[in-house]
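Protein chains: 2
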Amino acid sequence: MDGRTADSALITTYRGTRGPVTPVWFMRQAGRSLPEYRALRVGNQMLDACLDPELSSEITLQPVRRHGVDSAIFFSDIVIPLKLAGVDVDIVPGRGPVLGKPIRTAADVAALPHLPAGALSAVSAGVARTVEQLGKTPLIGFAGAPFTLAAYLVEGGPSKEHLSARTLMHADPETWHALLNWAADVTGAFLRAQVLAGASAAQLFDSWVGSLSLADYTSHVAAYSKRALDAVADLDVPKVHFGVGSGEVLPAMQAIGADVMGVDWRIPLAEANRRLGGTVPLQGNIDPAMLAAPWPVLEAHVLDVLESGQAAPAHVLNLGHGVPPDTDPDQLTRIVDLVHSR
Amino acid sequence: MDGRTADSALITTYRGTRGPVTPVWFMRQAGRSLPEYRALRVGNQMLDACLDPELSSEITLQPVRRHGVDSAIFFSDIVIPLKLAGVDVDIVPGRGPVLGKPIRTAADVAALPHLPAGALSAVSAGVARTVEQLGKTPLIGFAGAPFTLAAYLVEGGPSKEHLSARTLMHADPETWHALLNWAADVTGAFLRAQVLAGASAAQLFDSWVGSLSLADYTSHVAAYSKRALDAVADLDVPKVHFGVGSGEVLPAMQAIGADVMGVDWRIPLAEANRRLGGTVPLQGNIDPAMLAAPWPVLEAHVLDVLESGQAAPAHVLNLGHGVPPDTDPDQLTRIVDLVHSR
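So the protein lines, in turn, are chains A and B.
Residue numbers are given in our numbering: position 135 of the first sequence equals residue 135, and the series is strictly consecutive.
Residue numbers are given in our numbering: position 93 of the second sequence equals residue 93, and the series is strictly consecutive.
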């Protein structure tokens, strides 16, 4: 990492030093909740927008301009590396990523294409363009964790409890191993490309880890998440790891090599810090349901989260999951102003 | 409760006494996974089938005949009491319960209709007919917990993280209070009608409790679940409580007055027992994802669950969530045979 963002509030906090203000950004801050995003997206398919460097960069910058958050996070989608590898996947509005054909057998997995050389050039170009315009504000690169990607691949689309994926894990551990290694490699390459192009931190999202028992996570998932995160281990950037419903597996997730843990809204930051033994900075965890509440209710909740975050070695304020699409953007701006005023 | 089922394996185990064999039944054992159910349902809407005493009784009995499980559970749906109260709700195949109009304001809640006298007669008749044919095999009555019902009512249908419901909880606590009291009363009446008509136990399902923090559960949900369960407190039946993703709230759920706790697949029974202080019999918790695995894998998992259940005061074998629709029924029969042979 160059020195451009090393002294920023986000990066110093990720490194474990509390500064005068708590840095704040929001998962899914770029995208659906912003009218300027919806105006820009007219006529563009989601994955095409992610792969147009000019568009992805502009969308990434919009929330930084509007809210004054302490970080950008690159506008993309966790299935982008699958798409770039040649998997038949698309984002269906209102539903999510849908595959042409689910991946369920050893032969399906063996036929998964590798990322061609140069496949990530549009991602690199989008990141480079963004970083140029961000100045001293850091950009976070991100990628989906192998389990979450595998769940999409095996189910063929979004699913509630990821039954087919979790069946495959036990019914055919060899195929599972091959699939998760493949997913770790493509998503690791996606994350690495963003850091090499100028991202100052890297966040691995395991959206669906909450469907796993600790035993299943430890035996059948953790090693592949580590493999994905190891793709940026030689680069000098803080590594952030976040999962939804991760209360049971939080320490096991951290143990794969995360420098910072994101926490969802279900457990207080002080309790997350206790489970993690007070070892790492935390990021989170405003309940997204509070964003639609009247400001005094939301304000009290934000202050509670800040208070609970005092228990951790350091704290980056964020949501406990992504910004809901129908969020009033002014609520987000007010949160930033509140946090920065303290 | 009359003496008909008092000595059954299920009821003695629910009362805390381990017998020579572990009793077994499966959540959602009646219904979609059985070809004889699909044959019977042709031409009938879901909620109509629930309200036809002959059909609901026959569907309830099918898995008892086929699998030899130790209990029946009445075939119905958690939205049946809403429907009977006059709420515009229907089950949309592949989606779930959908409301004509979501309930979101104080006026919406005030306009919710009360259950008319005699509204539950089709439920009572279905239960009575079932109990007659069950002999010494107990029937479990069931109902949805107020939070889960409120989530359907506020969202207008199934939702992932129940954001609108959880927003209402904080944004307008008075309306929330009125809504949850209404839900507790209709669902409590539904549960009571089943017990009065002959059910030997009562299970309250909180399918969506896993989206709540412990603080939200304790402050905004527990009292209403208690109110629902209290509807059968004066009747001499064991009260079972189950929630999906309930690891954080398990002791708080038990504290509303549950005699037995159902446990989902995410935490081992021994760990659930530890969290509950070893105070109550447990029910669970085969991972539904294992039902599609080859028999040796499933068998090893069932034996693990039985082993882990030894930690609890008593144990009823069940799944950690409902039977998935595409389950091979023979896998369920094999589990029953395995458990009964030990």
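Warning: the hint list may mix true and false statements.
[What the hints assert, rightly or not] Now the in silico label distances, taken between C-beta atoms and shown as ranges:
{"no.": "1", "chain 1": "B", "residue 1": "LYS101", "chain 2": "A", "residue 2": "ASP328", "range": "54 to 64 Å"}
{"no.": "2", "chain 1": "B", "residue 1": "THR105", "chain 2": "A", "residue 2": "ALA178", "range": "12 to 22 Å"}
{"no.": "3", "chain 1": "B", "residue 1": "THR279", "chain 2": "A", "residue 2": "ARG274", "range": "15 to 25 Å"}
{"no.": "4", "chain 1": "B", "residue 1": "ARG95", "chain 2": "A", "residue 2": "LYS101", "range": "17 to 27 Å"}
{"no.": "5", "chain 1": "B", "residue 1": "ASP88", "chain 2": "A", "residue 2": "PRO173", "range": "47 to 57 Å"}
{"no.": "6", "chain 1": "B", "residue 1": "THR279", "chain 2": "A", "residue 2": "ASP90", "range": "45 to 55 Å"}
{"no.": "7", "chain 1": "A", "residue 1": "LYS160", "chain 2": "B", "residue 2": "GLU132", "range": "28 to 38 Å"}
{"no.": "8", "chain 1": "B", "residue 1": "GLU307", "chain 2": "A", "residue 2": "PRO173", "range": "17 to 27 Å"}
{"no.": "9", "chain 1": "B", "residue 1": "ARG38", "chain 2": "A", "residue 2": "GLU36", "range": "24 to 34 Å"}
{"no.": "10", "chain 1": "A", "residue 1": "GLU36", "chain 2": "B", "residue 2": "ASN44", "range": "46 to 56 Å"}
{"no.": "11", "chain 1": "A", "residue 1": "GLN45", "chain 2": "B", "residue 2": "GLY43", "range": "40 to 50 Å"}
{"no.": "12", "chain 1": "A", "residue 1": "GLN310", "chain 2": "B", "residue 2": "ARG334", "range": "47 to 57 Å"}
Source of the hints: derived by calculation from the structure; they are not laboratory data.
Glycine included, every Cβ here is placed at the ideal spot set by N, Cα and C.
Verification of the hints:
no. : hint                               : in the structure
1   : B:LYS101 with A:ASP328: 54 to 64 Å : 23 Å, violated
2   : B:THR105 with A:ALA178: 12 to 22 Å : 53 Å, violated
3   : B:THR279 with A:ARG274: 15 to 25 Å : 24 Å, holds
4   : B:ARG95 with A:LYS101: 17 to 27 Å  : 24 Å, holds
5   : B:ASP88 with A:PRO173: 47 to 57 Å  : 48 Å, holds
6   : B:THR279 with A:ASP90: 45 to 55 Å  : 51 Å, holds
7   : A:LYS160 with B:GLU132: 28 to 38 Å : 37 Å, holds
8   : B:GLU307 with A:PRO173: 17 to 27 Å : 21 Å, holds
9   : B:ARG38 with A:GLU36: 24 to 34 Å   : 50 Å, violated
10  : A:GLU36 with B:ASN44: 46 to 56 Å   : 51 Å, holds
11  : A:GLN45 with B:GLY43: 40 to 50 Å   : 42 Å, holds
12  : A:GLN310 with B:ARG334: 47 to 57 Å : 53 Å, holds
Comparing the model with each numbered hint stated earlier shows that hints 1, 2 and 9 do not hold.
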